[in-house]
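Engineer: Sequence:
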Amino acid sequence: MALAQKLLAFLMMTALLGVSMASVYKVGDSAGWTMMGNVDYGKWASTKNFHSEDVIAYEYNNEYHNVKQVTHEDFQSYNVGSPIAVYSSGSDSISLKKTGHYYFLCGYPGHCQAGQKVDVLVTPSSFRSSTDSSTSAPYASPPSTMTPPNPIPVKNSVSSFHPFQLWSALAVLIALFVAAY
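Here the sequence shown stands for residues -22 to -1, 1 to 159, where the numbers follow mature numbering (1 follows the signal peptide of the UniProt record, and there is no 0).
Take the hints with a grain of salt, since some may be wrong.
As the list claims (entries may be wrong) - Heads up, simulated EDC-like pairs for lysine to aspartate or glutamate below, C-alpha to C-alpha not over 16 Å straight-line: (1) Lys21 / Asp7; (2) Lys4 / Glu37; (3) Lys26 / Asp7; (4) Lys75 / Glu31; (5) Lys4 / Asp97; (6) Lys21 / Asp97; (7) Lys26 / Asp97; (8) Lys4 / Glu31; (9) Lys4 / Asp18; (10) Lys76 / Asp97; (11) Lys76 / Glu31.
Derived by calculation from the structure, the hints in this document are not laboratory data.
Just need the whole structure built from these sequences, with the hints factored in.
Structural biologist: Spelled out as C-alpha cells, the structure:
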C-alpha cells in the first residue's frame, strides 16, 4: 500500500508539472507574419488562449517585414516610431511573461494599416476565468534587450493543451484505481 501511495504522489506531481508547461504559438499559423493571403491576425489571436510563459513565434521574410512591440495608444494610431521593442531576424520567439495585452505590428510603411498587427491578450496560467482582469496590465513590459531572443522551436498550436497533460491525467487515474484496490 505504501508503494501505491508513493506512486500516486509522484504521478500527481507529474500531472501538476504538465499543467504548467508553456505553449508555443506561430503567429498567423501556417501563413506566418505576412501581407500575403489576407491573414486576419485579430481573428487568429481571438481563437487562442494565451497564458503567462507561453511563447509567440513570428516567421517572416525580414527583407519586407519586422515586428514591433508597441503601447496600446501606438497600436491604435499605427505609430511605429517609438516601439517598446523591435524584432527583425525573420524568426523571432517572444516569451509572454506577464498577463495583459501585448501589441505588435509590422513597422514597414502601410503594413499595419493593411492589417499586419496583432493584439495578444495573456491571461493567468491558473484555472481562473479569463474574464478576471484584476491582474491584467494595460500592456506587457518589453523584453530586457532589443535584440531578438534565441529561437524556440515552433509548433502550430490550436490550444494550450499538451499531450503530456493527457498522459499525466491518465497516469493519475490509473494510480487512483490501483490505490483503491
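Engineer: Check the structure against each numbered hint from earlier and tell me which ones fail, lowest number first.
Structural biologist: Violated hints: none; all satisfied.
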